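Novice: Residue numbers (UniProt numbering), protein chains in the order written: chain A, 1 to 501; chain B, 1 to 149.
Calculated directly from the structure, the hints in this document are not laboratory data. Bear in mind that the values here come from a model prediction, so they are computed numbers and not experimental data. A virtual CB, placed ideally from N, CA and C, is assigned to each residue, including glycine. Nothing false has been slipped in among the hints.
To be clear about the criterion: a stretch of chain A counts as covered by chain B if any three or more of its residues have a C-beta under 8 Å from a C-beta of chain B, and this derived list gives those stretches:
1. 166-172
2. 178-189
3. 390-397
4. 423-430
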Amino acid sequence: MGVDWNSFFEGLTTAMSLQNIIFIILGGLLGTIVGMLPGLGPATAIAVLIPITFGMDSTSALVLLGAIYYGAMYGGSRSSILINTPGDGSAIAATFDGYPMTRKGQAGQALTLATIASLIGGTIAIVGFVFLAQPLANFALRFGPAEYFFLLLFTLSAVVSLAKGNMIKGFVSMALGLLITTIGVDSQSGVYRYTFDIPHLSEGIDFLVVIIGIYAVGEVLYNILLLNDDSQRIKESVGKTWITKEQWKRSFWPMIRQSPVGFLIGILPGAGGSIASMISYSTEQQLSKKSDEFGKGAPEGLAAPESSNNAAAVGAFIPMLTMGIPGSGTTAVILGALIMLGLQPGPMLFQNQPDVVWTFINSLFIGNIALVIMNILLIGVLIKILKTPPKVLYPIILVLAFIGTYTLGYSIVDFAILMIFGVIGLFMKILNIPTAPLILAVIIGHQLEQNFRMASVSYDNVFAMMTASPIAILFAVLTVSSVFLPMILGRLSRVKVNNKG
Amino acid sequence: METIRFIVPSIILLISVIYLILTFNLPESKVGNPTAAMNYPLLIGFSLLGLSVLYILSEIKDKKKTFTAFKIFADKELTIKVIVVLVFCLGYTLLFERIGFLISTVLFLGALLFLINGRRKWLMNITVAVLFSFISWYTFAELLSVSLP
Chain A
1 MGVDWNSFFE
11 GLTTAMSLQN
21 IIFIILGGLL
31 GTIVGMLPGL
41 GPATAIAVLI
51 PITFGMDSTS
61 ALVLLGAIYY
71 GAMYGGSRSS
81 ILINTPGDGS
91 AIAATFDGYP
101 MTRKGQAGQA
111 LTLATIASLI
121 GGTIAIVGFV
131 FLAQPLANFA
141 LRFGPAEYFF
151 LLLFTLSAVV
161 SLAKGNMIKG
171 FVSMALGLLI
181 TTIGVDSQSG
191 VYRYTFDIPH
201 LSEGIDFLVV
211 IIGIYAVGEV
221 LYNILLLNDD
231 SQRIKESVGK
241 TWITKEQWKR
251 SFWPMIRQSP
261 VGFLIGILPG
271 AGGSIASMIS
281 YSTEQQLSKK
291 SDEFGKGAPE
301 GLAAPESSNN
311 AAAVGAFIPM
321 LTMGIPGSGT
331 TAVILGALIM
341 LGLQPGPMLF
351 QNQPDVVWTF
361 INSLFIGNIA
371 LVIMNILLIG
381 VLIKILKTPP
391 KVLYPIILVL
401 AFIGTYTLGY
411 SIVDFAILMI
421 FGVIGLFMKI
431 LNIPTAPLIL
441 AVIIGHQLEQ
451 NFRMASVSYD
461 NVFAMMTASP
471 IAILFAVLTV
481 SSVFLPMILG
491 RLSRVKVNNK
501 G
Chain B
1 METIRFIVPS
11 IILLISVIYL
21 ILTFNLPESK
31 VGNPTAAMNY
41 PLLIGFSLLG
51 LSVLYILSEI
61 KDKKKTFTAF
71 KIFADKELTI
81 KVIVVLVFCL
91 GYTLLFERIG
101 FLISTVLFLG
111 ALLFLINGRR
121 KWLMNITVAV
131 LFSFISWYTF
141 AELLSVSLP
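Extracted from the complex, chain A is given alone in its bound form (with noise of 0.2 Å):
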């Protein structure tokens, strides 16, 4: 237990290394162009860029990884601020406050205080992560197949539960995803299961083809089809850079409180940086003397928010690389990228790599100043890439979509996988079907199957599932109240409404 300093200090040293510096470097630069565009936030930046880490050390590649996806978060905030376009859910909180603050002709200011704010939010939730990695590991080093199965239905019932109000089309989503990790020889009994004698498809199809086809293609199309959509376009005067002193004041408060709530909520499945930003926006909004502010440009309106979605995103990686348990969209690709590379997250990762962790955590905080610094700098030049024609924009994005899916398994089969689930994605977003449900399930479903089959040889019935341990009885019941608590609780405050009416 507790934390290994000496594996600290090596991942720092390691991290620090020439290399690994300008991946950070590389990396916060791409995933902050790419999170800028509008429509696309971290997971299609991750998703896009995967085929660079290929021939890669695995270390180097987590670092680059973590600084596309800081970076992408970094990126997201610009384009909620300037142009109303959030990239990702995690950035939708910085349009309520980012973007009046622009129209007010503070733009830049707005700009430079998300970036203080996110460096706040990030640099607090590593300290926490440095202190509670490990000992999440040691005890995620308890779970059996039973417990397992528990957590990650959970995972998936709780991402599930997020989409208010649309959790049947949450559960579809799911579902679908799940059917699709049924293709291919069943590792257990060989049997070939739907794959229409086509020999590439018995090896199942790969989830990052999945991924791309959604988050890219799907959301290149889906943009294509807003071209002519004037809201999308850039006001040319940013205003000063630099924020005042009582724009400082007013955030600091909220910045220091929003981090450890944002890191917290972090952690859980599911919950990641959308639900972290809310909460501490609401929560600012209620403990603010002048909350009439809110929503018309108020500094803390901007700050806590963002400090929150920045703590969440770190995070989220303790669950990702203890437990091997995704929990969001973005935090699903980059799982995917790693299994791909060769690691295996999970409890033993802390003990059979932790130069990878140690040195994938400290280059987050290298990461962190390095995106600050980059993007308070670069303000200027780098508004003028999200004036970047979206038109030139979207051609080479479908075509990075290809060669990615490309390098993935050298078939142009891929390709044809690629185009259909591009159409599915297209379809699930003008459906306002939620797809990060489905992204998960199709990461985690293997693991999912292969658990519940090794439960059932040990356990006669579910309910002898679910009363194996303790934490299987705790994740059974946490999976039956994600799906029937926002149930009843939106019953609950309808019948007061209606009774109010």
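With chain A fixed as given, assemble chain B onto it according to the hints.
Specialist: Frame of chain A, contents of chain B only:
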């Protein structure tokens, strides 16, 4: 009632039925429990079937609300563009291994740029298509040693 709102839920229902039929026809496992390979897919198939029915029911419940999701296709010009993009993707798939990465990518990217960015910016389109294809070929094939056709 707008029947258009039932299209996607019905497709999902159909998928679940086909999936279940395929599952029932899976060969038996020669080792251990003969139905081991199909139990879990059955669970998923029936779940998806139930969920698609619920989805249809929820659409029936919402029938008074106007179904606006497909309004995005109202802009005919852009909808056609998306279809053409998909046709180009299909063409790229067919040509990729036959004429090689570099030529097929220049053609694909060029075609996409002419379609989306417009014919008037032909110089920019051609420059981007050629430069980007060459840079990505160099990065993947030479720097990352990825074998491309």
